[in-house]
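Chains as they are written, first to last, in numbering that gives the first Met the number 0: chain B, 0 to 202; chain C, 0 to 231.
No lab work stands behind these hints, which were simulated from the structure alone. Where a beta carbon is used, it is the ideal one built from N, C-alpha and C, also for glycine. Hints may be right or wrong, so weigh each one.
What the hints assert, rightly or not - Simulated coverage check for chain B against chain C, where a stretch passes if three residues somewhere in it have a Cβ under 8 Å from a Cβ of chain C:
hint, segment
1, 2-11
2, 29-39
3, 49-62
4, 101-107
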Amino acid sequence: MTAKLSANNLTLIRGESCLFQGLEFALNPGELLLLEGQNGSGKTSLMRAIAGMLSLESGEIFWNDMPVNGQRQEFHGSLVWLAHRTGLKGDLTLVENLRFEGSLRRQAKTDPEVIYERLGITRLKRLALRSLSAGQQRRVALARMLMAAVPLWLMDEPFTNLDREGRQLVMDLTQEHLERGGMCVMAAHQDIEIASPIVRVRL
Amino acid sequence: MDSSNLQQPGIFAGLLAIIRRDLLLAWKRPGDVLNPLFFFAMVCTLFPLAVGPSAEQLTFSGPGVLWVAALLSTLLSLNSLFMSDYEDGSLDQMLVSPQPLPVLALGKTIAHWLISGFPLVLISPLLAMTYRMPSAVMGILMLTLLLGTISLSLLGSIGAALTVGLHRGTALLSLLILPLAMPILLLGANTVSLAAANDVYGTGIWALGAYAIASISLAPYATAAALRISNE
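Given these sequences and hints, build the entire structure.
Right, dumping it as C-alpha cells:
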C-alpha cells in the first residue's frame, strides 16, 4: 500500500443498521474520491469517519501509510472540510470569520481579495453572514477552503444551494486543486465533470 | 504542494483567536451576555426586600445569598457555551482543526468567563452594599468570587460539552455540575462569613485557589473528550 490516503475493511454500524462493511479505497495525489449513494446511505458518516469524528466498528484509515489515529494533529493540519453546515458564524462578517480560520490552519499565500473576486463575494465583505443567502454563505465556506494551504479537501455535497455558475465554479476549483497535486473526497449525487482520475466508492 | 513550507499557526495563536472570536460574538449580541448578570443582580437585590431590613439578619445571610446567586447565574449561562457552535457546525470544524481540542475548549471557557464570570465579580461589591458588608470584607468576597467563578466556568464546560447534543440539557447540566460545584459554594460562602465575623479565613482562599488551579489544568482535557463523545 503506497497511497497517500487509504482505508481498509471499514465497517460502520449506526444503531441497528450497518451502513457499510469491508469498505476499502486508496487515493493518490491528483485523484478524486467520489462517494456515491442514496440519501442516508452513509456518505456523510463515511466522511466524518475519515475526518476522525466517528469511531468505526472495524477497519482503519491511513494517511501516508500510517494510521490516522496516531497522528491526528498532522492529519487535521492537512485537510479542510466543507461540511453540510458551513460552520461559519452568522453574526460575524466574512472577513472576521475567515480571519479566525486563518489562525487555526496553514494559509495559502494567495491574496484573499483574489479569492473573494473569483467566488464573487467581494461586495459582501462588510455584511454579517446572517444576512447573506444560503448560496452566498456556501461561497464563503468555499473561500475558507481555498485559503487553507492543505492537500486534502473533504467536500460533503458541495453543490447544495449553489446556482449553475456556482456548481461549475466548484468543479473548476476542484479540477485546479487536483492538477496542483491535491486530493479530494467528495460526496455528491449529481454528475461530476472533472477530467482528473476519479475513484468511485458506491455506498 | 508549493505551500508546504508555510507554517502552521501555533497553539497560542489558536487560543487567542478563539477568545477574540467569542468576545466579538458577545459584543454583537449583548443580550445573551447580560442575562445571567441581570439574574445575579436581581436575586441579590430582591432578597433583602423579601426578608426585611434588619441589619443583623442581612449581614448574616449576605455571603450565602451572594454566593448562591453567583453559582446559579453561572450555571444558567453555561448551557449556551457550546450550543451555538454545535448548531452552526463550528464545533465540527473545531474537531477537525489542527489545533489541539483542549486548547480550543480552554479558549472558549476563558472567553465565557470573561463575559459572564468576570463582570459578576466586578459588580459584586455594589450588591454587597445592600447587605451592609464592610469594605474590607468586600475585598474577600471579590477574591473568593474571582477564584470560584474560574473553577465554575471550567467545571461547567465539562458539563456543557457532555450535554451539547441533547436538547434542553440545562437540568441535566446542573445536576452533573452541582456535586463538583458544591465545595466551591461552601468554601466561598463560609470564607466570606468568617471574614465578616473577624475570624481566620485564609484557608478557604487557599483551598479555592487550589481548586481553580486543578480545574485549569484538568478541565480542558475532560471538556475536549466530552466534546468528541457527544459529537459522534
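Does the structure break any of the earlier hints, and which numbers would those be? Violated: hints 1, 2.
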